[in-house]
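Student: The lines below spell out each chain.
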Amino acid sequence: MRSSNCTWAQASSLVLAMFCALGTVTSSAFAQSVDDLREMSIEDLSTIGVTSVSKTDEPLSEAPAAIYVISHEDIVRSTAASLPEILRLAPNLQVYQQAPGKWVVTARGMNGNTAAQSFPNKLLVLVDGRTVYTPLFSGVYWDLPDVLPSDIDRVEVISGPGATLWGANAVNGVINVITRTSAQTLGLAADLRSGTSRRALGLRYGARPSDSLTWRAGVRLLDEEAWFGSASGASVDDPYRRLGANFRLDWTPSSRDTVSLAAELFGGRLGQPTVPAEKTRGRSLALRWQRTDADHDILQVQAFYDRIERDSRSSGGGRFFTDNWDIDLQHSLHLSARNRLVWGGGVRLTHYRIDGTPNFFFAPPGRDLLLANGFVQDTWSVTDRLDLRAGIKLEKDPYVPASLLPEVRVSWTPMAGSLIWAAVSRAVRSPTPFDRDVEERAGIASLSGNRLFRTEKLTAYELGLRMQPAREISFSATGFVHRYNDLRTVEVVPGPGFSLSWGNNLKGRSYGLDAWFDWRVAHWWTIGGGASLLFSRFTFKPGASAIIGAAQLGTDPKHQFRLSSSMNLPGGIELDLAGRAVAALPGTAVGGYRELDARVAWPMSASATISISGTNLLHDRHLEYPGSDFVPRRVLAGIQLAL
Amino acid sequence: MMQRRALFRRVVIAALTGGMLVPFGAVAATREAQVKAAYIYKLASFVRWPPEAYGSPISPTRLCVFGRKDVFATLGDLARGTREGARPVEAVSLGSTQDNVGTCHALFLGEGGAVARELLRKFNGPVLTISDRSAGSSGGLVELVTRGDAVRFVIHRGEAERRRLALSSKLLAVAEAVEP
Numbered sequence: 002m003r004s005s006n007c008t009w010a011q012a013s014s015l016v017l018a019m020f021c022a023l024g025t026v027t028s029s030a031f032a033q034s035v036d037d038l039r040e041m042s043i044e045d046l047s048t049i050g051v052t053s054v055s056k057t058d059e060p061l062s063e064a065p066a067a068i069y070v071i072s073h074e075d076i077v078r079s080t081a082a083s084l085p086e087i088l089r090l091a092p093n094l095q096v097y098q099q100a101p102g103k104w105v106v107t108a109r110g111m112n113g114n115t116a117a118q119s120f121p122n123k124l125l126v127l128v129d130g131r132t133v134y135t136p137l138f139s140g141v142y143w144d145l146p147d148v149l150p151s152d153i154d155r156v157e158v159i160s161g162p163g164a165t166l167w168g169a170n171a172v173n174g175v176i177n178v179i180t181r182t183s184a185q186t187l188g189l190a191a192d193l194r195s196g197t198s199r200r201a202l203g204l205r206y207g208a209r210p211s212d213s214l215t216w217r218a219g220v221r222l223l224d225e226e227a228w229f230g231s232a233s234g235a236s237v238d239d240p241y242r243r244l245g246a247n248f249r250l251d252w253t254p255s256s257r258d259t260v261s262l263a264a265e266l267f268g269g270r271l272g273q274p275t276v277p278a279e280k281t282r283g284r285s286l287a288l289r290w291q292r293t294d295a296d297h298d299i300l301q302v303q304a305f306y307d308r309i310e311r312d313s314r315s316s317g318g319g320r321f322f323t324d325n326w327d328i329d330l331q332h333s334l335h336l337s338a339r340n341r342l343v344w345g346g347g348v349r350l351t352h353y354r355i356d357g358t359p360n361f362f363f364a365p366p367g368r369d370l371l372l373a374n375g376f377v378q379d380t381w382s383v384t385d386r387l388d389l390r391a392g393i394k395l396e397k398d399p400y401v402p403a404s405l406l407p408e409v410r411v412s413w414t415p416m417a418g419s420l421i422w423a424a425v426s427r428a429v430r431s432p433t434p435f436d437r438d439v440e441e442r443a444g445i446a447s448l449s450g451n452r453l454f455r456t457e458k459l460t461a462y463e464l465g466l467r468m469q470p471a472r473e474i475s476f477s478a479t480g481f482v483h484r485y486n487d488l489r490t491v492e493v494v495p496g497p498g499f500s501l502s503w504g505n506n507l508k509g510r511s512y513g514l515d516a517w518f519d520w521r522v523a524h525w526w527t528i529g530g531g532a533s534l535l536f537s538r539f540t541f542k543p544g545a546s547a548i549i550g551a552a553q554l555g556t557d558p559k560h561q562f563r564l565s566s567s568m569n570l571p572g573g574i575e576l577d578l579a580g581r582a583v584a585a586l587p588g589t590a591v592g593g594y595r596e597l598d599a600r601v602a603w604p605m606s607a608s609a610t611i612s613i614s615g616t617n618l619l620h621d622r623h624l625e626y627p628g629s630d631f632v633p634r635r636v637l638a639g640i641q642l643a644l
Numbered sequence: 142m143m144q145r146r147a148l149f150r151r152v153v154i155a156a157l158t159g160g161m162l163v164p165f166g167a168v169a170a171t172r173e174a175q176v177k178a179a180y181i182y183k184l185a186s187f188v189r190w191p192p193e194a195y196g197s198p199i200s201p202t203r204l205c206v207f208g209r210k211d212v213f214a215t216l217g218d219l220a221r222g223t224r225e226g227a228r229p230v231e232a233v234s235l236g237s238t239q240d241n242v243g244t245c246h247a248l249f250l251g252e253g254g255a256v257a258r259e260l261l262r263k264f265n266g267p268v269l270t271i272s273d274r275s276a277g278s279s280g281g282l283v284e285l286v287t288r289g290d291a292v293r294f295v296i297h298r299g300e301a302e303r304r305r306l307a308l309s310s311k312l313l314a315v316a317e318a319v320e321p
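As they're listed, the protein sequences go chains R and H.
This note's numbering puts the first sequence at residues 2 to 644.
This note's numbering puts the second sequence at residues 142 to 321.
Treat the hints as calculated values from the structure; they're not laboratory data.
Where is the CB? At the ideal position from N, CA and C, for every residue including glycine.
All the pointers check out, no bait thrown in.
Computed footprint of chain R on chain H, listed as stretches where at least three residues anywhere in the stretch have a Cβ under 8 angstroms from a Cβ of chain R:
#, segment
1, 179 to 190
2, 210 to 221
3, 249 to 262
4, 272 to 278
5, 307 to 319
Not close to chain H: a few residues of chain R, all C-beta gaps over 12 angstroms, as computed:
#, residue
6, K103
7, T275
8, Y306
9, G317
10, R354
11, N360
12, L395
13, G496
14, G498
15, R538
16, A584
17, A599
18, F631
Build the full structure now, drawing on both the sequences and the hints.
Tutor: Right, dumping it as C-alpha cells:
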C-alpha cells in the first residue's frame with residue numbers, strides 16, 4: 002500500500018514532493034490514504050490542515066522551522082497593494098517603509114545603516130523559485146519585484162537560516178512568493194485601487210485552450226506620488242512608478258509531467274530627493290519541468306534568466322545592469338521506508354556592468370560571477386513520533402573558497418496536535434562586488450572594497466513549539482540564538498587622506514523569539530497576532546578600528562507586535578483590521594509607533610466587489626526608518642472584478 | 142474521538158517529515174485537493190436525490206469535477222468500487238461545457254469564471270453544486286471555504302430546496318453555517 006501514499010498528492014510542488022518524498026511518515030501516515038479518506042467522517046475532513054486556498058500541503062508550514070505562511074485569503078483581504086506591504090502580514094519579518102517604492106525588510110534584525118553604507122543583505126527572496134535579491138550587494142531592490150496580489154497563492158516566510166537547501170544568503174530568513182498556476186486564474190480579472198496620491202491597477206486574463214494547457218497574461222501599474230516632508234523637514238520629490246506585463250503558461254503533457262513557463266517585462270522609476278528619478282527596467286524568463294514517477298520520486302529542473310537595469314545618470318549618478326542565468330536540479334527519492342533523500346545542485350552565472358561616477362564606481366566595472374552548489378539531505382523517521390533530518394550543502398561562491406553549510410533538525414510529537422523541534426544550522430553571506438570592488442570618494446575620504454573580504458558567518462540554534470490545543474486555535478513559538486562571525490565593518494586603512502575599507506571585524510550574538518497565534522473566535526470572526534522579540538550584542542574583534550560602532554549593522558526594534566481581526570459581516574461585508582506596534586530604533590530619531598490598517602469590502606454582485614482600505618490610519622504621518630521620509634496615512638478606494 | 146485523535150496524530154506526524162522548504166515554488170496538487178475530493182465524496186452521501194434524477198434503480202451516481210484534475214484523480218480513487226445500495230458511484234471530469242457527459246448528480250466547480258457560471262446554468266436541476274470560494278467559484282448549494290488551514294463548508298438551504306434535494310440533518314449540523 003505504500004505506493005498509494007502520495008497518489009492523491011500528485012505532487013508537483015517540490016515542497017510537496019519532499020513531503021511525499023521525505024517522509025517515512027508519509028508512508029506511515031498516509032499509506033492507505035484513499036481508504037483513510039473514505040473512512041473519515043465529514044468532521045474529520047474539516048480538521049485536516051491544508052494551506053489556505055493553495056494547492057500546497059500544510060505540512061510545509063509545519064516543517065521544523067519558523068515558517069509563517071501568508072495565505073491567499075490573508076493577502077486579498079489585507080490593505081496591501083504591493084509586495085512589501087504584503088510582507089507586513091508576516092509577524093516574523095520587520096518591514097520599514099522609507100519612501101514610495103523604497104523599503105527595508107529583515108528577519109531577525111540587522112536592518113542596516115545608510116550612513117555606514119550598510120544595506121540589509123541577509124535575506125533570500127524568491128518569486129516562484131527565482132531569486133530577486135541582487136548579487137551586487139545581496140540586498141533587494143524592493144521597487145522591482147511585483148505580483149498582482151490576487152495572483153499570489155501564498156508567501157512562505159521563514160525566519161532563521163535555510164542555507165542547506167536554499168543556499169547562500171538564506172542567512173536570517175527566506176521569503177518565497179508562490180504565484181497561482183494559470184489554471185487557478187482563468188477568466189478576466191481586474192483589481193483597481195486608487196486614492197488621491199496613489200494608484201495600484203492590475204488587469205489579468207487567463208484561458209484554457211486545451212485540457213492540458215492554460216495560460217494567463219497580465220498588466221499592472223503601481224504609481225505613488227511623493228510624500229513630501231523628510232525626517233530633516235525638507236520637501237522631497239520622490240514618486241514611484243512601475244509598469245509591468247507578465248505571462249505564465251502551464252502545460253501538463255502527461256499525468257507525470259508538469260511544465261511551466263513564466264515571463265515578465267517591466268519598467269519604472271524611483272524618485273530621489275530633489276533630483277530626477279532613477280529609471281528602472283527588467284525582464285525575466287523562467288522555465289520549470291517536473292516529473293513525478295510511479296514511486297513518487299520527484300525530479301525537477303528549473304532554469305531562468307533575468308535582467309535588471311537601473312539608471313540614475315540624469316541626476317548625475319551611474320547606471321548598471323545585471324544578467325542572471327540559472328539552472329537548478331532537484332531530485333527526491335525513497336531510500337527505504339523510513340528514509341527519504343533529497344539531492345540536487347545548481348549553477349548561476351551573473352554578468353554585470355556598472356558605469357559609475359568619479360565618486361562612486363566599481364573596479365573592475367563588470368565581472369562574470371559563477372555560483373555553484375550541490376546538496377543532499379536525508380530525513381530519517383526514527384520512530385513514528387521522532388524525526389531526524391540532516392543535510393549538507395557545498396557552495397562555491399564568487400571570490401571565495403567553497404563553503405560547507407550543514408544543518409541538523411530534530412522534531413518530536415509528544416502528543417497529538419503539538420510539535421517540538423530543534424535545529425542547528427549554518428549559513429553564510431558570501432562576498433559581493435560591493436564588498437570587493439567598490440570605490441567611493443567624498444572629499445579626502447575614500448572607501449574601497451576589500452579583496453580579502455571573507456564570508457559573513459552564522460551558526461543558528463533554534464527551538465520551536467507548535468500547538469493546536471483546539472480546532473479553532475493554533476500557536477507557534479520559536480526561540481533562537483544566532484552566533485555571527487566575520488560580519489562586515491568599516492575600517493580605517495593606511496593611505497592618502499582618510500581611507501576606509503571593509504573588514505570582517507564584528508562578531509556577536511542575537512537572541513529572541515518569533516511567535517504567533519491564530520484563533521477562530523466564531524465562524525465569521527478570526528483573530529491573529531504575533532510578536533517578535535530581538536536582543537543583540539555585537540563586539541569588535543581585536544584590531545578593528547571600530548569607528549562607527551556596532552550600529553553599522555543596524556538598529557533593530559527590540560520588539561514588534563501585530564494583531565489582526567478578520568470578520569465576515571452580514572450581507573457579505575468583509576471587515577479586516579490589522580494593528581502593529583513597533584518599538585523605537587535605539588539611538589536614532591525613529592521612535593516607537595503604533596499603526597492601524599483597515600479594509601472594508603462589499604460584494605456588489607458575484608463578479609464585483611468594492612472596497613475601501615486605509616493604511617497607517619492612526620497618525621497623519623510617522624517615521625519608520627532612520628533618515629527616511631515620514632510615512633503618511635493613505636486611503637484607497639478599490640474595485641475588484643472577476644468575469 | 143479516538144478516531145479524530147488518531148487522524149490528527151497522523152497529520153502531525155506527516156507534518157514532521159513534511160520537509161524543509163526547497164527553493165522552488167509549488168505547481169500542482171496535494172492534500173488540499175485530497176480533502177476537497179473527500180468532501181465531494183462525503184457530501185454526496187448526505188444528500189437524497191429525487192427519483193427523476195436517475196434513469197433506473199441501478200444507474201450510477203455521477204460526481205462531476207470541473208477545473209481540477211487533481212481533485213478528480215482523488216475522487217476517482219475514492220469512488221472506485223463504491224456503491225450506494227445498487228448504485229455505483231462514478232467520478233466524471235468535465236473539461237468544458239461542450240462535454241456531453243450526461244447528468245451530473247454532484248458538480249464541483251474547481252475554478253470560477255464564465256465557464257463555471259455556464260455550468261451552473263446548464264446543470265440547473267437536482268444537482269448538488271459545490272463551489273469553492275478559495276478558487277473564486279460561487280453560487281453552489283454547498284460552498285467550500287478555507288478557514289486558517291482547514292477546509293469547511295457553508296450550506297445554502299434555499300438552493301437545496303430549489304434543486305429539490307433533501308439534505309440530511311447531520312450535514313446541516315456539521316456545516317460551518319447554514320444560510321437561507
